[in-house]
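In case you want the letters, here they are:
There are 2 protein chains.
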Amino acid sequence: MQSAPRIAVDAMGGDFGPSAIVPGAVSAARERPIRLVLVGDTPRIEAELKKLDVSGLSVEVVHSTQVAEMTDKPADVVRRKKDASIVVAARLVKDGRADGVVSAGHTGATMACGMFILGRQPGVDRPALASIMPTEKRPMVLTDVGANLEAKSFHLFQFAVMADAMCRAVLGYEKPRLGLLSIGEEEGKGNSQVKEAFQMLRASSLNFLGNVEGRDIFRGETDIVVCDGFVGNVCLKLSEGLASSLGRMLKRELTTGLLSKLGTVLSMGALKRFKRLVDVSEYGGGLLLGLSAITIVCHGSSNPRSIHTAMRMAADYVSNKANETIAQTLAQNSDLTRFSRAKAANGNGA
Amino acid sequence: MQSAPRIAVDAMGGDFGPSAIVPGAVSAARERPIRLVLVGDTPRIEAELKKLDVSGLSVEVVHSTQVAEMTDKPADVVRRKKDASIVVAARLVKDGRADGVVSAGHTGATMACGMFILGRQPGVDRPALASIMPTEKRPMVLTDVGANLEAKSFHLFQFAVMADAMCRAVLGYEKPRLGLLSIGEEEGKGNSQVKEAFQMLRASSLNFLGNVEGRDIFRGETDIVVCDGFVGNVCLKLSEGLASSLGRMLKRELTTGLLSKLGTVLSMGALKRFKRLVDVSEYGGGLLLGLSAITIVCHGSSNPRSIHTAMRMAADYVSNKANETIAQTLAQNSDLTRFSRAKAANGNGA
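Read top to bottom, the protein sequences are chains A and B. Taking UniProt numbering, the leading residue of the first sequence gets 1, the next gets one more, and so forth. Taking UniProt numbering, the leading residue of the second sequence gets 1, the next gets one more, and so forth.
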């Protein structure tokens, strides 16, 4: 247990607060060795703990008196709400008392705490948000999904390096197959950033398959798809929205006519499994990569199951030393980005 | 019939050539007044016409001896294949012998013919490709879906103006509800181009609802969604890909277990209707907006039904004078783009 990863959990975050967060965290710690550091209002956290079986688990409660509210500006939380649960959680990591953070609270505040309290991992210019998505085959990683609305080619390259390490550590894939999102599969397709990133990725040690198009994402032939945060955020939300819309359209079609209705009742189990397959929320939250420690941002609506998944991902990320892999891969490929970084520093890079 | 729109059809384009194009064009002309100008190999076109009832229709056949092949570079087709069917079709429009072009051939060549032979409509800086997409409610227009991989704010504004006119003319919506694709609904969200375009659109005469996110596209609460061509192309292909993937996943789930199988048989009709609802190819092709005449680019795999739809759209676009609406709206709102155009001319515009 001494070596189990210590995850600081913002117990006050999310729509349901400690009543969803605490059970989710405890259930993850029952499944695998995780030392829990629960941050928030001690009486409320302890009330939740009393309802659960925590025998044999390592559970620390760290009291905090404030909460980041949805109306707070992210930077204000970091600067002024020094005792907000997410600020305290990030500081515990900074002080070496935890190895990673999980929060279902204010997304912007969590990201700001990561950026300003934890800070960037050496060698990374821009942290990126990664999301795990279902596909027809095994889950894949899409990044950036919103941390960087514009990205130079060497940023895209770094996103790929970080996603590769995360994919190995969290999903356990050996040589993740990497694709660069563009508007055609051929090498020359895309905007200038994509074309330049293509060259770097091809020359790198990563398992780069080439450009992929929007239509390929869900086929499951690539394990990582890299893009800038504007495109990635649109893709993520479009996928969620389209899956829900199709679900509603299917339901409407299936409830028209008696035979259809009977058919629907008979195929209910299959439809439920289908719904779970396409439910993006099954996959926990977004992983903020490139900070000195892993930070996972969960949906506000997270239930214990999503928190459980996020805790497991954070623990795997730490145990499998993903940040070390990132550092190694960046060092190994540092020559590749030198040119475009210099260009960008002179104000004319792609 | 004298006033019916004359549509030049590239009869040689697409995977099936005249055998799909000619019946599709004729069936559209049976449905509403369209004067057909079929361009290509006369004997093959006439062989197809013989199989069809063309009594009372206005059908002109214009012979051409060449075809744009998939391996041809678009610019080479315009410059060197002067007798390619798509080149001849575009030239007929240029010479005032037709009012619009429909082609299922080489997409790049069709776009190049539009740009270089037809030329831009006065006042439009960048033509844009628009696609009609299904939603939970009525169909909507997404633009740009690939003609401009990067777009300044005033380009985005012009895309909106063109889509508005097209939406009125082709879909018959009275005051199309317009959304700007971004990563959050609030006014300040997005990259610099989007933020600047937001201001112009809000001050314009268009029915602008504000920013929309990826998740909103298929809900059917907006009739037009505007974005740059990189994002739009990714969205279009992602939607097609996700709909197919979900269809396959659903089928796999439904064919597991005896009860499910029986259920599937009973709900087959509903599943078929569902498939049609989400089949993007039902909606004809992409409309290239902002040229001196409407140009419609159909999928290579177009069947007579898709060609029929494209012909109907081209005819409605012409009959309802969409290009005049674009010119009027641009004139009416010309002050709004002046500042960002000047900035871009100085090389520092968003």
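Simulated from the structure, these hints should not be mistaken for laboratory data. Model, not experiment: these values are computed from the prediction. Take the hints with a grain of salt, since some may be wrong.
Pairs count within a copy or across copies, as identical chains cannot be separated in the list.
[Said to hold, decoys possible] Each computed EDC-like pair below joins lysine to aspartate or glutamate, with the alpha-carbon atoms no more than 20 Å apart:
#, residue 1, residue 2
1, Lys82, Asp53
2, Lys195, Glu150
3, Lys137, Asp125
4, Lys261, Asp316
5, Lys251, Asp53
6, Lys82, Glu31
7, Lys82, Glu69
8, Lys189, Asp125
9, Lys73, Glu187
10, Lys189, Glu150
11, Lys137, Glu324
12, Lys137, Glu240
13, Lys73, Glu185
14, Lys321, Glu60
15, Lys251, Asp125
16, Lys251, Glu60
17, Lys51, Asp95
18, Lys51, Asp41
19, Lys81, Asp41
Here is what the structure says about each hint:
Taking the shortest Cα distances, Lys82 and Asp53 never come within 20 Å of each other, neither inside one copy (32 Å) nor across copies (80 Å). In the homo-oligomer, the alpha carbons of Lys195 and Glu150 lie at most 20 Å apart both inside one protomer (15 Å) and across protomers (13 Å), since each shortest distance falls under that limit. Taking CA atoms no more than 20 Å apart as the test, Lys137 paired with Asp125 passes in neither setting, with 32 Å inside one copy and 43 Å between copies. Within a single copy, Lys261 and Asp316 get their C-alpha atoms no closer than 44 Å, and across copies no closer than 39 Å, so neither meets the 20 Å cut-off.
Within a single copy, Lys251 and Asp53 get their C-alpha atoms no closer than 40 Å, and across copies no closer than 41 Å, so neither meets the 20 Å cut-off. For a Cα distance limit of 20 Å, the shortest separation of Lys82 from Glu31 qualifies neither inside one copy, at 33 Å, nor across copies, at 70 Å. In this homomeric assembly, Lys82 and Glu69 come within 20 Å of each other (Cα to Cα) only inside a single copy, at 13 Å, whereas the closest approach across copies is 66 Å. For the identical chains of this complex, Lys189 and Asp125 are neighbours neither inside a copy (25 Å) nor across copies (22 Å), given an alpha-carbon limit of 20 Å.
Taking CA atoms no more than 20 Å apart as the test, Lys73 paired with Glu187 passes between copies only; the shortest distance there is 16 Å, against 42 Å inside one copy. For a Cα distance limit of 20 Å, the shortest separation of Lys189 from Glu150 qualifies both inside one copy, at 18 Å, and across copies, at 13 Å. With identical chains, the CA atoms of Lys137 and Glu324 are never at most 20 Å apart, being 28 Å at best within one copy and 49 Å at best between copies. With identical chains, the CA atoms of Lys137 and Glu240 are at most 20 Å apart both within one copy (18 Å) and between copies (17 Å).
For the identical chains of this complex, Lys73 and Glu185 are inter-copy neighbours only, at 16 Å across copies versus 41 Å inside a copy, given an alpha-carbon limit of 20 Å. When the C-alpha separation of Lys321 and Glu60 is checked against a cutoff of 20 Å, the pair qualifies neither within a copy, at 23 Å, nor between copies, at 71 Å. In this assembly of identical chains, the alpha carbons of Lys251 and Asp125 never lie at most 20 Å apart, being 46 Å within a copy and 44 Å across copies at closest. For the identical chains of this complex, Lys251 and Glu60 are neighbours neither inside a copy (46 Å) nor across copies (47 Å), given an alpha-carbon limit of 20 Å.
In this assembly of identical chains, Lys51 and Asp95 lie within 20 Å of each other by CA distance neither inside one copy nor across copies; the values are 31 Å within and 82 Å between. In the homo-oligomer, the alpha carbons of Lys51 and Asp41 lie at most 20 Å apart inside one protomer (16 Å), although the nearest pairing across protomers, at 80 Å, exceeds that limit. Taking the shortest Cα distances, Lys81 and Asp41 sit within 20 Å of each other inside one copy (15 Å), while across copies they are farther apart (76 Å).
Violated hints, listed in ascending order, are 1, 3, 4, 5, 6, 8, 11, 14, 15, 16 and 17; each of the other numbered hints is respected by the structure.
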